[in-house]
Structures are given as structure tokens and as C-alpha cells.
Amino acid sequence: MNENIMVIKGGRHIDNRGIMDYINEFDMSLIKRMYMINHPNKHIKRGWRAHKLEQRWFYVVKGGFEINLVKIDDFENPDPNQKIETYELTDQQPMVIHVPVGYASAFRALENDSKVVVYADANIQAAVNDNYQYPIDYFVNWK
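Residue numbers for the sequence shown follow my numbering, so the first one is 89 and each next one is one higher.
Where hints are given, some of them may not hold.
Below 20 angstroms or equal to it, Euclidean Cα-Cα: the simulated SDA-like pairs (lysine to any residue) are [as the list claims (entries may be wrong)]:
1. 159 / 203
2. 140 / 223
3. 130 / 159
4. 171 / 134
5. 97 / 149
6. 171 / 226
7. 130 / 196
8. 150 / 183
9. 130 / 97
10. 140 / 155
11. 171 / 190
12. 203 / 141
13. 150 / 190
Hints in this document: simulated from the structure, not taken from any laboratory.
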């Protein structure tokens, strides 16, 4: 695992009133916006998207996702053979994965109709000017 990428583990409390998931160690003081992505099936791959200035946090609220991260060495012409870090997040084990600046992300659902919430520390105007996209098959080590 990469020392720059942080996995913030949470917990789950179950009693007769229901289930409460929590991630008490997730400091949300930097968050400026959030959005939710719903994947209808397991076959769709979404990515690669990178940011020089924006950091993001991923939290699965339904189903599961495989999240793949690559440290970008050159934003204009990244090495397609970069090592890919892969993480699995599910709604059964509350956790947030922190994606620092300088990383590209791509993901796919592990279950149909999965949902992931993405938190970002840049407003939408700043994010539009800090958006680097690469074809889904650009990084050859993603299987």
C-alpha cells in the first residue's frame, strides 16, 4: 500500500433500532463539495481522472467498488506502465479512501446498482481547471 493514500476505517453499531455506520476519524474540515455516482452494473469502468491540486475522498454507500489509483509522473504524458494501487470498498465495512493530489483514479462497481460518494476539497470552478483525463485503457496494468 502507498503511504500517501490513506484508508480511514470506520465501524458499525447494530442494535434493535437498526444499524449505524460511522467513520469518526474522517476529518471533513477541508471538504468543499460532494457528489454521488451510481453504477448500474459491474461492467462499466469509470476513469482515469487526475488532479494536480484537488484531493478527493471516496465512501461507498451501497454495494461495492474497486478503486484504482495511479501516481501521475507527468500530467501531459504519464507513463502508461505506472504501478496501480487497488482498493476495495463495500457498504458492509465502513471506510473512506483518501486520494491525495497528483493521483488518477478509475473504478468499477463490484455489485450492480452500487453507489459511491466522492468528497472534494475544491469547488467546482477550481475543479474544472484542474481536470486531467486519460483513456480507460491508458494504464496497461489495470486488468
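So, going through the hints one by one against the coordinates:
no.: 1; hint: 159 / 203; in the structure: violated (25 angstroms)
no.: 2; hint: 140 / 223; in the structure: holds (18 angstroms)
no.: 3; hint: 130 / 159; in the structure: violated (25 angstroms)
no.: 4; hint: 171 / 134; in the structure: holds (18 angstroms)
no.: 5; hint: 97 / 149; in the structure: holds (14 angstroms)
no.: 6; hint: 171 / 226; in the structure: holds (12 angstroms)
no.: 7; hint: 130 / 196; in the structure: holds (6 angstroms)
no.: 8; hint: 150 / 183; in the structure: holds (12 angstroms)
no.: 9; hint: 130 / 97; in the structure: violated (24 angstroms)
no.: 10; hint: 140 / 155; in the structure: holds (19 angstroms)
no.: 11; hint: 171 / 190; in the structure: holds (14 angstroms)
no.: 12; hint: 203 / 141; in the structure: violated (25 angstroms)
no.: 13; hint: 150 / 190; in the structure: violated (27 angstroms)
The structure is inconsistent with the numbered hints 1, 3, 9, 12 and 13, although it conforms to all the rest.
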